[in-house]
Amino acid sequence: MTKFFPRVVTSVCVVILAAWAPLLDAALAPKRSVLDNGLVLLTSQQRSLPMVSIELLIEAGSRYDNEEGVANLVARLLTYGTKRRSAPQISDTVDFIGASLSASCGEDAASVSLTILKKDLATGLDLLADF
Amino acid sequence: MIAVEVSRATAVQEFVLDNGLKVLLLEDHKSPAVTFQVWYRVGSRNEKDGKSGLSHFLEHMMFKGTPSIKPEEYSRIIAKNGGRSNAFTTSDVTVYFATMSRDKIGIELEMEADRMANALLGDTYFEPEKKVIQEERRLRTDDKPVAALDEVTSAVAYTVHPYRRPVIGWMDDIQNLSRQDLVDHYKLYYAPNNAFIVIAGDFSMEEILPKIKAAFEKIPRGPEPPKVRAEEPPQRGERRVFLKKEAELPFVMMFYHAPNLKSPDNFALDLLTVVLAGGRSSPLYHDLVYQKRLARSVDANYSSVSMDPGGFSITAQLMPGKEPAEVEREIDTLADKIKSELISERDLQKAKNQVESSFIFAQDSIFGQAMKIGSYEANGGWRQMDQYIDGIRRVTREDIQRVAREYLDRDRRTVGVLIPTKDKT
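For the record, the sequence lines run as chains A and B.
Counting in the numbering used here, the first sequence tops out at residue 157, every number present.
Counting in the numbering used here, the second sequence tops out at residue 562, every number present.
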């Protein structure tokens, strides 16, 4: 997914691979939309399993570093507390619904990955919005 | 060829060819790719003292050609056709596989049938491949402190059962293996009646079954391979093993003997790993990593899917300068708490949610699905997969406490401790 990134986003982009519509062939057939605040949303629907994978890409990779390692440190610390939730609260929310959450940093983008059961999507989006 | 039955829950279909080769098929049309796997019921568990590493060595030599496929040509043909292939050996099984587009999977199917019957295990390639395997051992065990600790801990935890030997083999054993050993192993274990095929992905049953039949049914049935009867006697008293090796951080590994799928306790033991160490909110992580900063990482592992009883292990990689004894005390305190007090209903529910969601996430790839079907089939039958989620849902807080008391018994554990040194070893 990251390879699409430099061309399509303003500052942030969300890619959602989800279970909604039947897929006739194997093409990913992504759909693109832009929210009022500029957030680009790319979605691709697959129905076979009740799960959703979300990739939040933020244009904040190491190429924007003023000081070496800052971009990576910031990305890694995203899941260790926000204004609304402490690190243990984030972990407990993620663990209780059996989701998998990780944050990392590449040269172009910082990214947060979340894999979640479809029934818990609202909880997942609420968590991601915090970052 | 007889159609046996279809499992509604997993939609796997089972067929058995006249020569005893079982075929398990799962159609999944999400993407136009197919995974084809051949599982041989042989691994280091079937090896004898002095011959460790034989199954893994044979796995390497299976890429050295047949009368119709030149040495190393197999991998080139798969890659040239856009596929990905590999093989692996465990203590219980040896597995060969490729994932390819649906129109190309027949190439893999025919080459697997060919090497099941006609592998040359060429003499010219034997000595050079031995060096490759010895180098693999240096890279993956001798040069990896935690892997080396795992190897020596298993060698102490088991006294009789072949699980005490490493899959890759001891260095001297690899050196002493002969080509004839490989030929004998191949003849004895690589028969259709000692193997099964798993196919998952975008294929049509009507098209693929005749192809499988044409390629594999002509391979004659072999004699029944000998059964492994070794049984590990009950451990009486804790064992300890220290490994001093060039490394940066100490590591603690606690290995408790635990049953496999044959025991109904397997579900509660699976949940116990999550109760102890599932995610950052788990007591082990919260206490040792987040609060006390004694460890860099912690984990609890248990696999019910093994031929013979395996282990329940708790591991911790320590922060620099921390004492293994202190980390052991903390782990024991947390384990004692689960033995003496019932966990909360919420913590049980949290553990179940984690197990169920991973079960669903694991089905996201056709390779993952084929692996799951294959590992259950190798260990008592793929149909047990269907009972898994129900088994997990039935576990109570009392069950968690009971299995913790029964299996996390210090008299039946082996503790391995890695002590970092600065010496080159």
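Note that these hints are calculated values from the structure, not bench results.
Computed from a predicted model, the values in this text were never measured in an experiment.
Certain hints may be false.
Claimed, not checked - Interface residues of chain B toward chain A, partial, derived using beta-carbon atoms under 7 Å: (1) K185; (2) K241; (3) T261; (4) F263; (5) G416; (6) S418; (7) N490; (8) I497; (9) Q506; (10) Q538; (11) R542.
Note that beta-carbon positions come from the ideal geometry of N, C-alpha and C, so glycine has one too.
Hint check results:
Look at K185/B: its Cβ only gets to about 42 Å from chain A, farther than 7 Å, so that hint breaks. Nearest Cβ of chain A to the Cβ of K241/B: about 14 Å, over the 7 Å cut. The hint is violated. The closest approach between the C-beta of T261/B and any C-beta of chain A is roughly 43 Å, which is over the 7 Å cut-off, so the hint fails. Annotation: interface hint on F263/B violated; nearest CB of chain A at approximately 43 Å, more than 7 Å.
Annotation: G416/B was flagged as interfacial toward chain A, and the flag holds, the nearest CB pair being 4 Å apart, inside 7 Å. With a cut of 7 Å, the hint placing S418/B at the interface with chain A holds, because the nearest CB-to-CB distance is about 4 Å. With its C-beta approaching chain A no nearer than about 4 Å, N490/B sits inside the 7 Å limit, and its interface hint holds. With a cut of 7 Å, the hint placing I497/B at the interface with chain A holds, because the nearest CB-to-CB distance is about 6 Å.
Residue-level restraint check for Q506/B is violated (minimum Cβ-Cβ distance to chain A is 10 Å; threshold 7 Å). This hint is violated: Q538/B has a C-beta 21 Å from the nearest C-beta of chain A, more than the 7 Å allowed. A distance limit of 7 Å between C-beta atoms decides the matter here; for R542/B the minimum to chain A is near 25 Å, and the interface restraint is violated.
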